[in-house]
Amino acid sequence: MLKACFAFTARLGVTFGAGVLLALTLQAQAPAADPPAGATPKPDFPPHTEVLKDHEQIISSLEKTPSLLQIWVRRRDNQMLAVFPEKFAEKKFFIALTVASGERYAGLQAGDMYVYWRRQDKRMVLLTPNLDIRSTGEPESKASVQRLFTDRVIVDVPILGLVPGQGPIIDMDALLVGEAGRFFGPMVAGARTQLATIKTAKAFPGNVELAFELPMRDGFLKTLHYSISEIRPNPAYKPRVADERVGYFTTGFRDLGKYQAEENQVRYINRWHLEKADPKIQVSPPKNPIVFYLEHTTPIRYRRWVREGVLMWNKAFEKVGIANAIEVYYQDAATGAHMEKDPEDVRYNFVRWLNNDIGTAIGPSRVDPLTGEILDADIILTDGWIRHYWRQFNETIPPLAMEGLSPATLAWLQTRPQWDPRIRLAPPANRDALMTAFRQRGPLEYGGHPMATVDPTLVGDDDFDGLVGRTSQFNGLCRAAECKALDLAAMRFAFDLMLESLPAEEPPKTAIPPPATNRRRRRRKRRRRRKPSPRPCWTASPSGSSARWWPSSSPTRSDTPSACATTSAPRASTPSSRSTAPRSRARNPSPARSWTISPSTSSTGKTVTSRATTG
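Offset between the sequence shown (1-based) and my numbering: plus 68.
Don't take each hint at face value.
As the list claims (entries may be wrong) - Mimicking DSS-like on lysine-lysine, the simulated pairs with C-alpha atoms at most 30 angstroms apart in a straight line are:
hint : residue 1 : residue 2
1    : K306      : K160
2    : K110      : K160
3    : K121      : K267
4    : K290      : K306
5    : K110      : K270
6    : K355      : K159
7    : K270      : K132
8    : K110      : K190
What the hints assert, rightly or not - Pairwise CB distance ranges, derived in the manner of DEER restraints:
hint : residue 1 : residue 2 : range
9    : E376      : E206      : 51 to 59 angstroms
10   : A558      : A520      : 43 to 51 angstroms
11   : T117      : S352      : 49 to 57 angstroms
12   : S352      : N198      : 35 to 43 angstroms
13   : E331      : E376      : 16 to 24 angstroms
14   : P571      : P207      : 54 to 62 angstroms
Bear in mind the hints are in silico, worked out from the structure with no lab data behind them. A virtual CB, placed ideally from N, CA and C, is assigned to each residue, including glycine.
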């Protein structure tokens with residue numbers, strides 16, 4: 069009975085399973101039911117009005133012309149959206165990056181990117197083309213380079229909506245703050261993006277200026293500025309290939325469309341697009357001058373000198389036929405002049421002043437990576453120059469001028485303070501006060517030389533420690549290495565000057581003289597070595613009772629009247645009273661006892677000789 073129950077249950081399960089399978093098969097083969105009448109398919113994106121709700125559009129141009137990107141902001145929670153133009157895929161964009169605040173070098177250009185956007189389904193992808201390797205050759209090489217050296221994806225963001233007649237909508241604060249590391253690198257690693265606030269939001273027909281302030285990992289606030297503009301081809305600009313003999317900043321790439329090794333490395337000069345307004349005249353004003361603005365942070369007492377320093381470059385441009393190529397204007401917070409211009413804006417060239425206590429000057433520029441045309445330049449000047457000049461002039465140069473002066477010289481200067489380097493190098497307004505102080509102080513021992521004022525409390529902190537006031541002398545402050553290095557530097561400098569003054573050696577007329585000529589040349593050298601070298605000689609001529617002395621112009625034979633004496637006459641009481649023949653000396657006299665024989669005539673008409681000595 070139990071077996072029968074189990075068999076019945078199994079048959080019942082099989083029958084039920086077969087029925088369910090048949091029902092599912094028939095349902096799959098049946099046509100899909102039509103949607104209810106009047107129903108519409110669900111859109112991919114919500115309406116743009118809903119996405120842009122509670123946001124305010126930024127319009128910065130006075131003409132109210134459409135901006136490069138529509139910028140919408142919601143101030144209460146620092147949200148920012150951007151609407152792309154309809155033909156965004158055909159545009160090339162230039163992103164200029166600047167850390168606007170929160171850095172000792174804030175305002176210095178932080179880099180730039182040449183990019184384009186591509187829509188991929190429901191996401192927007194930011195890419196940068198591979199500009200390091202290109203081809204300007206035949207179409208086949210261009211196709212090969214494009215296939216091998218592909219573009220690079222920087223970041224991608226979701227599309228929030230679509231604006232009819234425009235383009236996609238993206239979240240700009242999610243891009244520029246949430247993905248800031250993609251643009252600024254590790255300097256923003258660990259930044260607290262949830263605390264970011266909008267500092268700048270401006271939209272112009274050719275660019276947008278966007279900046280966000282946010283705390284970094286250490287809590288200090290930084291402002292990250294993005295200047296996004298469109299780069300359009302400039303047919304009037306002609307790239308100029310750099311010459312390796314002249315120094316330039318360059319834009320380079322490898323041209324694999326050229327097959328000569330010396331040709332495939334191309335370097336374009338980074339330069340301004342500067343043209344004459346009238347090419348027919350020798351010196352013409354430019355079509356579009358180079359305009360610089362002095363940032364309002366430049367101290368007023370230095371603005372004039374900074375401006376004149378920039379304008380000095382006009383002298384160089386005049387030599388190539390362009391007058392007043394550079395113009396300089398002041399940005400002033402008191403009057404509001406040019407305060408609407410952001411120094412980070414890629415459209416403007418600025419001279420920026422940083423009070424960071426560092427003495428430096430930097431002049432970076434941004435260029436079109438395809439041609440080398442300069443688009444923007446921001447020169448950095450710092451207040452450290454002022455302190456550096458003051459310190460060098462007042463604290464460094466006077467001690468250097470006093471180094472090596474002996475106690476005697478210092479004592480001499482005490483009585484003549486007007487010649488003291490410490491007074492002559494002082495500002496003119498302080499010289500009288502210093503001279504009065506020197507006179508009131510009175511004379512110092514050894515003229516105030518450091519060895520007389522050494523303090524032996526700590527041995528080794530002064531140059532003369534251990535040399536003064538001790539029975540056993542030693543020096544705790546060794547400057548041998550410093551002085552020897554200075555000696556070697558001066559020696560090398562002297563050798564370099566000597567090399568420049570030496571005449572260039574002339575190449576021999578014949579590389580290998582004939583053997584007979586070499587033998588004759590060797591014999592002549594041996595004969596010359598056997599002859600005595602000529603010595604300076606003098607000629608004495610009587611003039612009344614005294615003698616005049618002239619150096620002999622050239623050595624001559626010993627039997628001529630003006631020759632250097634290799635012979636001598638016997639001593640006579642009167643030079644002209646005896647007539648004797650010259651007698652050869654056994655040895656050559658020393659230069660201090662050389663003799664000169666001059667002929668003279670006695671009263672009897674006989675020829676006699678007179679002698680004189682130089683010793």
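Results for each hint:
no., hint, result
1, K306 / K160, "holds (19 angstroms)"
2, K110 / K160, "violated (34 angstroms)"
3, K121 / K267, "holds (21 angstroms)"
4, K290 / K306, "violated (39 angstroms)"
5, K110 / K270, "violated (35 angstroms)"
6, K355 / K159, "holds (27 angstroms)"
7, K270 / K132, "holds (12 angstroms)"
8, K110 / K190, "holds (15 angstroms)"
9, E376 / E206: 51 to 59 angstroms, "holds (53 angstroms)"
10, A558 / A520: 43 to 51 angstroms, "violated (29 angstroms)"
11, T117 / S352: 49 to 57 angstroms, "holds (55 angstroms)"
12, S352 / N198: 35 to 43 angstroms, "holds (40 angstroms)"
13, E331 / E376: 16 to 24 angstroms, "violated (44 angstroms)"
14, P571 / P207: 54 to 62 angstroms, "holds (59 angstroms)"
Hint check: violations occur at hints 2, 4, 5, 10 and 13; the rest are consistent with the structure.
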